[in-house]
Amino acid sequence: MRIELEKRPDVSKLFAFVSPLLALALTLAFGAIMFAMLGKDPVEALDAFFVEPLLEVWSLHELAIKAAPLILIAVGLAVCYRSNNWNIGAEGQFTIGAITGSYLPIVFYDWHSPLVLPLMLILGALGGALFAAIPALLKAHFNTNEILTSLMLVYIAQLFLDWLIRGAWRDPQGFNFPVSRDFAPEAVLPAIWEESGRAHWAFIFAIVAAVGVWFMLRYTLKGFEIVVLGQSERAGRFAGFSSKKMIWFSFLFSGALAGLAGIAEVSGSIGHLQPAISPGYGFTAIIVAFLGRLNPLGIIASGLVLALTYLGGEAAQLSLGVSDKVTRVFQGLLLFFVLSCDTLIYYKIRIVWSRVRGAA
Amino acid sequence: MSIFEAILLTVITASTPLVIAALGELVTERSGVLNLGVEGMMIMGAVAAFAGAQMSGSPYVGIVCGIAAGALFSLLFAFLTLTLVANQVATGLALTLLGLGASGMLGEAYVSVPGIRLGEIVIPVLSDLPVIGHVLFRQDLIFYLSIALVVGVSWFLFRSRAGLKLRAIGDSHASAHALGIQVIRTRYLAVMFGGACAGLAGAQLSLVYTPQWAENMSAGRGWITLALVVFASWRPWRVFTGGYLFGAVTILQLHAQAFGLGIPSQFLSMLPYAATIVVLIIISHNRRTTLINTPASLGKAFVPER
Numbered sequence: 000m001r002i003e004l005e006k007r008p009d010v011s012k013l014f015a016f017v018s019p020l021l022a023l024a025l026t027l028a029f030g031a032i033m034f035a036m037l038g039k040d041p042v043e044a045l046d047a048f049f050v051e052p053l054l055e056v057w058s059l060h061e062l063a064i065k066a067a068p069l070i071l072i073a074v075g076l077a078v079c080y081r082s083n084n085w086n087i088g089a090e091g092q093f094t095i096g097a098i099t100g101s102y103l104p105i106v107f108y109d110w111h112s113p114l115v116l117p118l119m120l121i122l123g124a125l126g127g128a129l130f131a132a133i134p135a136l137l138k139a140h141f142n143t144n145e146i147l148t149s150l151m152l153v154y155i156a157q158l159f160l161d162w163l164i165r166g167a168w169r170d171p172q173g174f175n176f177p178v179s180r181d182f183a184p185e186a187v188l189p190a191i192w193e194e195s196g197r198a199h200w201a202f203i204f205a206i207v208a209a210v211g212v213w214f215m216l217r218y219t220l221k222g223f224e225i226v227v228l229g230q231s232e233r234a235g236r237f238a239g240f241s242s243k244k245m246i247w248f249s250f251l252f253s254g255a256l257a258g259l260a261g262i263a264e265v266s267g268s269i270g271h272l273q274p275a276i277s278p279g280y281g282f283t284a285i286i287v288a289f290l291g292r293l294n295p296l297g298i299i300a301s302g303l304v305l306a307l308t309y310l311g312g313e314a315a316q317l318s319l320g321v322s323d324k325v326t327r328v329f330q331g332l333l334l335f336f337v338l339s340c341d342t343l344i345y346y347k348i349r350i351v352w353s354r355v356r357g358a359a
Numbered sequence: 000m001s002i003f004e005a006i007l008l009t010v011i012t013a014s015t016p017l018v019i020a021a022l023g024e025l026v027t028e029r030s031g032v033l034n035l036g037v038e039g040m041m042i043m044g045a046v047a048a049f050a051g052a053q054m055s056g057s058p059y060v061g062i063v064c065g066i067a068a069g070a071l072f073s074l075l076f077a078f079l080t081l082t083l084v085a086n087q088v089a090t091g092l093a094l095t096l097l098g099l100g101a102s103g104m105l106g107e108a109y110v111s112v113p114g115i116r117l118g119e120i121v122i123p124v125l126s127d128l129p130v131i132g133h134v135l136f137r138q139d140l141i142f143y144l145s146i147a148l149v150v151g152v153s154w155f156l157f158r159s160r161a162g163l164k165l166r167a168i169g170d171s172h173a174s175a176h177a178l179g180i181q182v183i184r185t186r187y188l189a190v191m192f193g194g195a196c197a198g199l200a201g202a203q204l205s206l207v208y209t210p211q212w213a214e215n216m217s218a219g220r221g222w223i224t225l226a227l228v229v230f231a232s233w234r235p236w237r238v239f240t241g242g243y244l245f246g247a248v249t250i251l252q253l254h255a256q257a258f259g260l261g262i263p264s265q266f267l268s269m270l271p272y273a274a275t276i277v278v279l280i281i282i283s284h285n286r287r288t289t290l291i292n293t294p295a296s297l298g299k300a301f302v303p304e305r
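Line by line, the protein sequences are chains A and W. The first sequence stops at residue 359 when you use numbering that gives the first Met the number 0, and every number in between is there. The second sequence stops at residue 305 when you use numbering that gives the first Met the number 0, and every number in between is there.
Among the clues, some could well be false.
Derived coverage of chain A by chain W (criterion: at least 3 residues anywhere in the stretch with Cβ under 8 Å from a Cβ of chain W; other residues may be distant) [claimed, not checked]:
{"id": "1", "stretch": "2-16"}
{"id": "2", "stretch": "137-150"}
{"id": "3", "stretch": "156-165"}
{"id": "4", "stretch": "284-292"}
{"id": "5", "stretch": "313-327"}
{"id": "6", "stretch": "332-344"}
Pair ranges (Cβ atoms, derived) [said to hold, decoys possible]:
{"id": "7", "chain 1": "A", "residue 1": "Asp46", "chain 2": "W", "residue 2": "Ile280", "range": "50 to 56 Å"}
{"id": "8", "chain 1": "A", "residue 1": "Arg236", "chain 2": "W", "residue 2": "Arg116", "range": "55 to 61 Å"}
{"id": "9", "chain 1": "A", "residue 1": "Pro184", "chain 2": "W", "residue 2": "Asn215", "range": "35 to 41 Å"}
{"id": "10", "chain 1": "A", "residue 1": "Gly211", "chain 2": "W", "residue 2": "Asn215", "range": "33 to 39 Å"}
{"id": "11", "chain 1": "A", "residue 1": "Glu55", "chain 2": "W", "residue 2": "Gln181", "range": "52 to 58 Å"}
I should point out that these hints are in silico values taken from the structure, not numbers from a laboratory. Here the structure is a predicted model, which is why all the values come from computation and not from measurement. Ideal Cβ placement from N, Cα and C applies to all residues, glycine included.
Using the sequences and the hints given, assemble the complete structure.
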């Protein structure tokens with residue numbers, strides 16, 4: 000048996016829409032098998048994982064909280080990936096954004112002003128952008144592989160945060176726990192609708208960013224430049240676009256969004272700095288970007304789906320007693336199926352049963 | 000045993016997994032396939048080796064399990080990128096994410112279970128040599144394998160007919176296909192060799208380096224491996240040198256932490272990662288030499304015309 004591919008004359012519009020759904024269905028099917036092998040009732044497990052978190056208002060708020068950083072980061076990454084710049088270090092930019100944004104509420108704890116929060120958010124975005132500037136500089140001027148440099152910087156950012164929290168920024172009243180002091184109330188990102196749950200403004204930022212980038216990609220020259228340079232650097236050069244400038248633009252842009260996600264998460268959901276501030280949002284956002292077909296509106300939907308895997312993982316840990324690592328497995332599987340189903344968009348797949356080459 | 004010998008021994012232990020995994024990735028990349036999933040394959044190898052050793056009571060069974068896990072896991076990547084021509088960068092990332100998750104899940108039962116250390120094989124006569132004898136000839140099987148792999152891969156790539164074909168595919172898959180060389184089949188084998196090596200490197204981590212299982216114990220080594228291949232400009236002996244350089248940085252920062260130089264330990268722990276970045280800058284600075292050395296069809300999908 001052999002699998003043969005035949006290039007479609009045109010990109011299949013049908014499969015561009017169906018393939019993410021097919022990938023979801025396949026992930027669920029494999030998830031069911033996995034739960035069965037773990038000795039759990041698959042229907043009950045999938046229900047606990049993917050349905051129950053959607054049935055209560057407070058947990059919909061939690062969904063928005065988890066989706067916000069994923070969408071924010073993934074929208075930035077989509078700009079990068081579309082222009083063929085492989086920023087894999089969003090997790091590091093998220094961490095640095097959280098640190099630079101926390102500078103005000105931790106170091107100037109006694110400064111009370113309505114300006115604190117907007118300044119924090121700006122500082123966070125700046126920090127993320129500056130940290131992303133490192134791989135951009137290295138790629139633009141030294142031709143250094145941005146995948147590897149941005150990734151190495153993740154480990155450096157996490158160690159830097161660890162050092163800060165155990166050293167200069169440790170809460171003097173914290174009983175020696177490695178946490179910073181809690182942010183003052185004016186440094187906390189407010190909830191959107193306090194009566195029903197915790198979801199805060201980060202989700203609104205995420206939606207605004209997604210719609211804004213969607214508009215940019217579709218209707219502006221910058222968007223056209225991104226797409227052209229991504230598809231062919233040569234064609235972009237003929238059109239007078241600079242791929243060097245695009246490296247800077249895409250990295251600074253995605254870094255700023257990741258940094259904003261970082262400070263929003265710390266200020267809105269956690270309330271202080273601590274050594275672990277992210278359950279891998281920066282990496283999961285890569286899956287979100289691909290599942291959303293690198294389209295900002297698609298990313299809103301896929302961000303919600305991936306946020307559900309985090310919630311489901313927590314729920315499954317409590318109600319089924321399965322490890323919360325299941326979440327990661329689901330996320331990895333989903334990316335696999337998304338990538339394999341995407342083949343259907345560009346190719347017709349034929350399964351050839353005969354052993355003779357070309358007989359079909 | 001002098002402190003010097005002790006340091007040398009730890010450097011070797013830290014370098015061996017880097018050398019092995021990088022050699023595997025080197026062969027994969029020479030065939031024109033960029034597999035960013037080394038970290039994932041390595042951690043799967045580590046957990047499989049630990050589990051295999053626990054269940055059988057023999058670290059050697061563990062090694063076999065590690066290799067098999069790495070190779071099988073890489074098949075997933077091969078199927079997606081070679082048969083379904085999925086994007087290699089994204090698929091490699093998926094492999095790493097899935098590997099980190101699956102290994103965490105499979106390994107949960109083994110957290111804080113005492114491990115089985117792979118024993119030394121003492122080579123008679125040679126092991127009695129001063130200094131070198133103790134360091135080089137009282138080592139575990141995986142160290143000897145790493146040396147054999149350097150020699151073997153080097154011979155295979157540059158002295159054998161099959162190696163010539165593999166390099167030809169990596170440089171121009173269309174021409175190689177026109178000459179009747181089996182592009183896809185060769186690439187499958189190259190990817191699986193890379194996976195097997197990453198699995199063996201993982202086995203070294205959980206059977207020799209720290210004989211236990213801990214989540215995410217590969218700690219970015221798979222990524223450093225990818226940098227090593229670039230550093231080595233796709234040459235086996237330079238992978239060997241580079242691997243030991245990185246191993247030395249890792250160990251020396253640990254010793255510096257123990258001495259307490261007044262530098263916070265977190266900054267010393269950053270050193271291997273920072274060194275990777277610096278080395279990448281130096282290597283890729285000269286655009287022309289990187290272009291000459293990089294396999295020309297690296298990362299490009301191949302769909303035969305029919």
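We went through each hint and held it up to the structure:
Counting residues of the stretch 2-16 of chain A whose beta-carbon sits less than 8 Å from any beta-carbon of chain W gives 5, enough to reach three: the coverage restraint holds. For the stretch 137-150 of chain A, the stated coverage by chain W holds: 9 residues have a C-beta nearer than 8 Å to a C-beta of that chain, and at least 3 were required. Coverage of the stretch 156-165 of chain A by chain W holds in this model, with 5 residues showing a Cβ closer than 8 Å to a Cβ of that chain against a need of three. A stretch counts as covered by a chain when three or more of its residues have a beta carbon under 8 Å from one of that chain; for the stretch 284-292 of chain A and chain W the count is 3, and the coverage holds.
Figure legend: the stretch 313-327 of chain A, annotated as covered by chain W; annotation consistent (5 residues with Cβ-Cβ distances under 8 Å, at least 3 required). Three residues within the 8 Å Cβ limit are the bar, and the stretch 332-344 of chain A against chain W gives 7, so the coverage statement holds. Our hint of 50 to 56 Å for aspartate 46/A and isoleucine 280/W holds, since their Cβ atoms are close to 51 Å apart. As the Cβ distance of arginine 236/A to arginine 116/W is approximately 57 Å, the hint placing it in 55 to 61 Å holds.
Our hint of 35 to 41 Å for proline 184/A and asparagine 215/W holds, since their Cβ atoms are close to 36 Å apart. Distance hint for glycine 211/A and asparagine 215/W: a CB-CB separation of about 35 Å, consistent with the stated range 33 to 39 Å. Checking the proposed 52 to 58 Å range against glutamate 55/A and glutamine 181/W shows it holds: the Cβ atoms sit about 56 Å from each other.
Figure legend: structure checked against the earlier numbered hints; every hint is met.
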